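Single-letter residue listing:
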Amino acid sequence: MAVPDTDATRSVEPAPAAAEDPSLSPAEGHLEHMHSPVPTVVHHRPPAPEKIDQVDRAPRGVKLAKISQTGDRMFRAVATTAGLAIVLLVLFIGIFLLALALPSLQANQDNFLTSRNWTVSGTELAFGIAGLFWTTVLSSVLALAMSVPIAVGVALCLTQYLHKRASGPVSFVVDLLAAVPSIIFGLWGLTVLGPFLAPGAEWVASKIGWIPLFSENIDPKGSVFVAAVVLAIMILPIVTAISRDVFAQTPRDHIEAALSLGATRWEVVRTAVLPHGRSGVISASMLGLGRALGETIAVMIILSTPAPGTPFSPSIFAGGETFASKIANNAAEFDTPSKTGAFIAAGLVLFIVTFAVNATARVIADRGGAKS
Amino acid sequence: MSAMTTTTSTSTEAPLSFRRPSGGRTIKNALATVYVFLATVLTIVPLAWVLYTVITKGIRLILTQQWWLQSQRGITPRREGGGAYHAIVGTVEMALICAAIAVPLGILGAIFLIEYAKGTKVARGVSFMVDILSGIPSIVAALFIYALFITIFGFGRSAIAVSFALVLLMLPVVLRSTEEMLKLVPNELREASYALGVPKWKTILRVVIPTAFSGIMTGIMLGLARVMGETAPLLILVSYAVGINFSPTSDTMGALPTMINSGRDQAPQLPGYERVWAAALTLILISMFLNLLARAIARASKLKEK
Numbered sequence: 001m002a003v004p005d006t007d008a009t010r011s012v013e014p015a016p017a018a019a020e021d022p023s024l025s026p027a028e029g030h031l032e033h034m035h036s037p038v039p040t041v042v043h044h045r046p047p048a049p050e051k052i053d054q055v056d057r058a059p060r061g062v063k064l065a066k067i068s069q070t071g072d073r074m075f076r077a078v079a080t081t082a083g084l085a086i087v088l089l090v091l092f093i094g095i096f097l098l099a100l101a102l103p104s105l106q107a108n109q110d111n112f113l114t115s116r117n118w119t120v121s122g123t124e125l126a127f128g129i130a131g132l133f134w135t136t137v138l139s140s141v142l143a144l145a146m147s148v149p150i151a152v153g154v155a156l157c158l159t160q161y162l163h164k165r166a167s168g169p170v171s172f173v174v175d176l177l178a179a180v181p182s183i184i185f186g187l188w189g190l191t192v193l194g195p196f197l198a199p200g201a202e203w204v205a206s207k208i209g210w211i212p213l214f215s216e217n218i219d220p221k222g223s224v225f226v227a228a229v230v231l232a233i234m235i236l237p238i239v240t241a242i243s244r245d246v247f248a249q250t251p252r253d254h255i256e257a258a259l260s261l262g263a264t265r266w267e268v269v270r271t272a273v274l275p276h277g278r279s280g281v282i283s284a285s286m287l288g289l290g291r292a293l294g295e296t297i298a299v300m301i302i303l304s305t306p307a308p309g310t311p312f313s314p315s316i317f318a319g320g321e322t323f324a325s326k327i328a329n330n331a332a333e334f335d336t337p338s339k340t341g342a343f344i345a346a347g348l349v350l351f352i353v354t355f356a357v358n359a360t361a362r363v364i365a366d367r368g369g370a371k372s
Numbered sequence: 001m002s003a004m005t006t007t008t009s010t011s012t013e014a015p016l017s018f019r020r021p022s023g024g025r026t027i028k029n030a031l032a033t034v035y036v037f038l039a040t041v042l043t044i045v046p047l048a049w050v051l052y053t054v055i056t057k058g059i060r061l062i063l064t065q066q067w068w069l070q071s072q073r074g075i076t077p078r079r080e081g082g083g084a085y086h087a088i089v090g091t092v093e094m095a096l097i098c099a100a101i102a103v104p105l106g107i108l109g110a111i112f113l114i115e116y117a118k119g120t121k122v123a124r125g126v127s128f129m130v131d132i133l134s135g136i137p138s139i140v141a142a143l144f145i146y147a148l149f150i151t152i153f154g155f156g157r158s159a160i161a162v163s164f165a166l167v168l169l170m171l172p173v174v175l176r177s178t179e180e181m182l183k184l185v186p187n188e189l190r191e192a193s194y195a196l197g198v199p200k201w202k203t204i205l206r207v208v209i210p211t212a213f214s215g216i217m218t219g220i221m222l223g224l225a226r227v228m229g230e231t232a233p234l235l236i237l238v239s240y241a242v243g244i245n246f247s248p249t250s251d252t253m254g255a256l257p258t259m260i261n262s263g264r265d266q267a268p269q270l271p272g273y274e275r276v277w278a279a280a281l282t283l284i285l286i287s288m289f290l291n292l293l294a295r296a297i298a299r300a301s302k303l304k305e306k
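Chains as they are written, first to last, in the working numbering: chain A, 1 to 372; chain B, 1 to 306.
Isolated chain A, as found in the complex (with noise of 0.2 Å):
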């Protein structure tokens, strides 16, 4: 296949068999941004609209090998399967969950949504969320309020403050705290952190101890607030890591700009990093608050079950259970439909708003990288 000058290349590159379908070529893309300068140019023409028509008429003469479509055809087709099928997935996770939910809920005694109850071992059902709710809130939340101002503060340093060279080992050092696995974690916090932080859970309570959130407590070490600083420490990498991200992202000349002004180093940061990385911080705070919502092993090795009849809590100080510990904590007695329903219930509440915690996290970020 001779090429004489670059007109002649432009006009062979796609195939005829493909031109006839312009979705299926492979240059259709391409061409565009290649070679725009060259037909304003060379033929005198508006460029974007009648590249295809020239692409279709240009070849006659010159004879084109005819390339197989099939092999094409079916990779498409499986990699297209694939796409789908991860959005079937999730839509499957919801369904079935609901579809296994929807017995027990509809045999339930007592209302879902308000109350603390949790009897599915009888034939009676009465069973309600807001115990677990509360208490999954609580640690995540505190988890995040504890996490967040240290992620910042991390990608802050790794991003500004340390040279190239030092940031790298220090940010893999960070990473790797997210590959200590969460079982080891809840290991460490029950029997190492726990002890340590009780005598200042003490005071705490011993001082405040009047505001409800703050009252004493019998079991201070598997406690909510220990659960929440292990959680803290679990989604402190994915916050960092995100907020590094965007704020090494930030334009040169936004940062030069006030350095010529004469701002100092924090004032960089406060008027030009901070409000860039604005809602990629925010999305990465979300994603954390996803995780921390969903820990599982840790929270579960961690948090004191209370003894059935043990009048709620709400403190901080507190035992509990959570959405996710309550489920691992009875998986093993997981005997009857009914009784697997409710857990499958409280299953689909974790989903929901962990679905709900994400969809956010994405939309934040989506709109940010609009913005900028």
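Read the hints as simulated data drawn from the structure, not as lab findings.
If you're wondering where the values come from, they're calculated on a predicted model, not measured in any experiment.
From the three backbone atoms N, C-alpha and C, an ideal C-beta is built for every residue, glycine too.
Fair warning: there could be bad hints in the mix.
Away from chain B, derived, C-beta distances all over 12 Å, residues of chain A [claimed, not checked]:
#1 Leu177
#2 Glu202
#3 Glu256
If you want a taste of the chain B side facing chain A, the calculated C-beta under 7 Å gives, among others [unchecked claim]:
#4 Pro46
#5 Ile132
#6 Gly135
#7 Val140
#8 Gly229
#9 Ala296
Let chain A serve as the given structure and place chain B on it in line with the hints.
Just chain B, lined up with the frame of chain A:
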């Protein structure tokens, strides 16, 4: 910003007098610097603390040969001895079965997003769902597989059910990292291949994927590290076995996370309790090894981000 404007206004009177920032600004700046470095140190402390705890409590056992070669069959918490071979086998086997499903699916999904549907509404929908999938708690993934396989299809609990649940957790990791790598493959490579008359699917398999290979491997390693440490699916979908078992369809199988979980209630002075920490150290070592491997592969990669 008021401090900055005063500096500029004074400098117009006296021609070009450079001044240090005022006291308040210097203090704020110093405080901010102290804060960010303190935050960084505070982040490293828990990692060092966890590693120190696990290593000091677990190192003695994992240095023995029998830890890597024997199971816990017939060994009670009060007895010394035995190893974690059964749990390592289970953990590795379940992760590999999971990878066998998640890796092809993830790579194909990424190819769909980048090579075929880039910029379309369908791609945005799929990408959104991948985000949702990556945020799904492991316990929900496990409940879904429980609902599907055990309640609806009527199978019993099995190790392979765990692998299926792990697929849901590994898939988004592999897909996202593959997607990032495919984005980095220069368009010129694809165009050169098309210009030679190579069909698109062959271009993807022979040009695009090999170029992005190391990045894809990085994603696979990180995905493996994540699923090997997952405990929730193991709790719901399989029973812990103390003996060696290679069959993925049997209803009991050992795994490192469940080995830790089943032994953690013992009294600290029993020999069984030391084995819990040794199992934890083994799990951390595997996870860290995969992470370091991922980083080494990423370093050797031909494609660099920017």
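So, going through the hints one by one against the coordinates:
no.: 1; hint: Leu177; in the structure: 5 Å, violated
no.: 2; hint: Glu202; in the structure: 21 Å, holds
no.: 3; hint: Glu256; in the structure: 15 Å, holds
no.: 4; hint: Pro46; in the structure: 5 Å, holds
no.: 5; hint: Ile132; in the structure: 5 Å, holds
no.: 6; hint: Gly135; in the structure: 4 Å, holds
no.: 7; hint: Val140; in the structure: 5 Å, holds
no.: 8; hint: Gly229; in the structure: 3 Å, holds
no.: 9; hint: Ala296; in the structure: 11 Å, violated
Of the numbered hints stated above, those contradicted by the structure are hints 1, 9, listed in ascending order.
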